[in-house]
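Participant: Sequence:
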Amino acid sequence: MEWIAIPLIIVLLVVVGGIAWAVGAYNGFVKQRNLIQESWRQVDVELNRRYELIPNLIETVRAFAAHERNTLEGIVQLRSQAQQLASAERGDAPSPQRAAVEEQLTQEVRGLMVQVESYPELKSNQNFLELQRQLAETEDRIAAGRRYYNANVRNYNTRIESVPSNFIASSFNFEKATYFEVNEAEVRRAPDVNFGEISYRQGDAPEQPRSGTPAVGASDPNALPNPQAGRENPAITPEQPQAQPADRPEGQGYQPPNYS
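According to the numbering used here, the residues represented by the sequence shown are 60 to 319, in order.
These are computed hints drawn from the structure, not numbers from a lab.
Since the model is a prediction, treat every value here as computed from it, not as a measurement.
All C-beta atoms in this analysis are idealised placements derived from N, C-alpha and C, irrespective of residue type, glycine included.
Take these hints with a grain of salt, some might be off.
Simulated DEER-style distance windows between Cβ atoms [as the list claims (entries may be wrong)]:
#1 L94 - V135: 32 to 40 Å
#2 Q142 - A81: 38 to 46 Å
#3 F231 - V74: 17 to 25 Å
#4 P114 - V82: 44 to 52 Å
#5 V173 - A210: 25 to 33 Å
#6 A159 - R108: 19 to 27 Å
#7 V89 - A159: 34 to 42 Å
#8 G87 - S177: 19 to 27 Å
#9 L72 - K235: 16 to 24 Å
#10 G83 - N115: 15 to 23 Å
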């Protein structure tokens, strides 16, 4: 009977271990899903904060920059669309439509801030400066919350697609979460690097030849050919030894040797 009990015990341990793993995997999915919902609510709070700041910003800019009417109307329309999409959501994840509208709203607000740089009176207005500061802080918090939310979504979606946890996900209908993506060119653009400037930064830049003076190693097309070119010393050859100073007679000046 002992040889029958041992396999039964092994099978029982495998079944209990499989059930324990399945329960742990299920609880892990629930925990990650709740974490995604919580992180999105933090982003949603900052988005609603931006909705509250935009009307005051529009009225302040309109009083000093009436020429930016088209930009202001576009921001108002995008804000209204974003609020309508937000009210239609369940509150646990952003829809792709809202993510696209929020991205356009961010670009329009940033563009407005660049355009108002040409209005000195507006830049010196205390109300506008305070709104600008609060809006910049809100945008920073939105960006930080978006990164945290997307990181949680990435971990959750990876578990849904990985083996063997994907069996638990498909069995209990755990669906992939939606990213809050940003497709702005300024954010995704890689920094420009000039290797020429970096190489000169460690020392002095190479000296440029003066005007009218040929660089070293350069040839002058108008120069006459030199018959002595290529010799180490054209005045000295192996058959003609150089005269030494000791060969000069005393009291006489130096006479060049006659090689004729």
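Participant: Now look at each hint and say whether the structure bears it out.
Facilitator: Here's how the hints hold up against the structure:
1. A C-beta distance of roughly 35 Å is found between L94 and V135, which places it inside the suggested range of 32 to 40 Å.
2. The supplied range of 38 to 46 Å is met by Q142 and A81, whose beta-carbon atoms lie about 42 Å from each other.
3. Between F231 and V74, the C-beta spacing of about 19 Å keeps the proposed range 17 to 25 Å intact.
4. Between P114 and V82 the Cβ separation comes to about 50 Å, which falls inside the hinted range of 44 to 52 Å.
5. Checked against the hint of 25 to 33 Å, the pair V173 and A210 passes, with Cβ atoms roughly 30 Å apart.
6. Our hint of 19 to 27 Å for A159 and R108 holds, since their Cβ atoms are close to 20 Å apart.
7. Distance hint for V89 and A159: a CB-CB separation of about 30 Å, inconsistent with the stated range 34 to 42 Å.
8. With their beta carbons about 54 Å apart, G87 and S177 fall outside the hinted range of 19 to 27 Å.
9. Taking the beta carbon of each, L72 and K235 are about 34 Å apart, not inside 16 to 24 Å as hinted.
10. Taking 15 to 23 Å as the suggested C-beta distance range, the pair G83 and N115 does not conform, at roughly 50 Å.
Hints 7, 8, 9 and 10, counting from the list given before, are not met by this structure.
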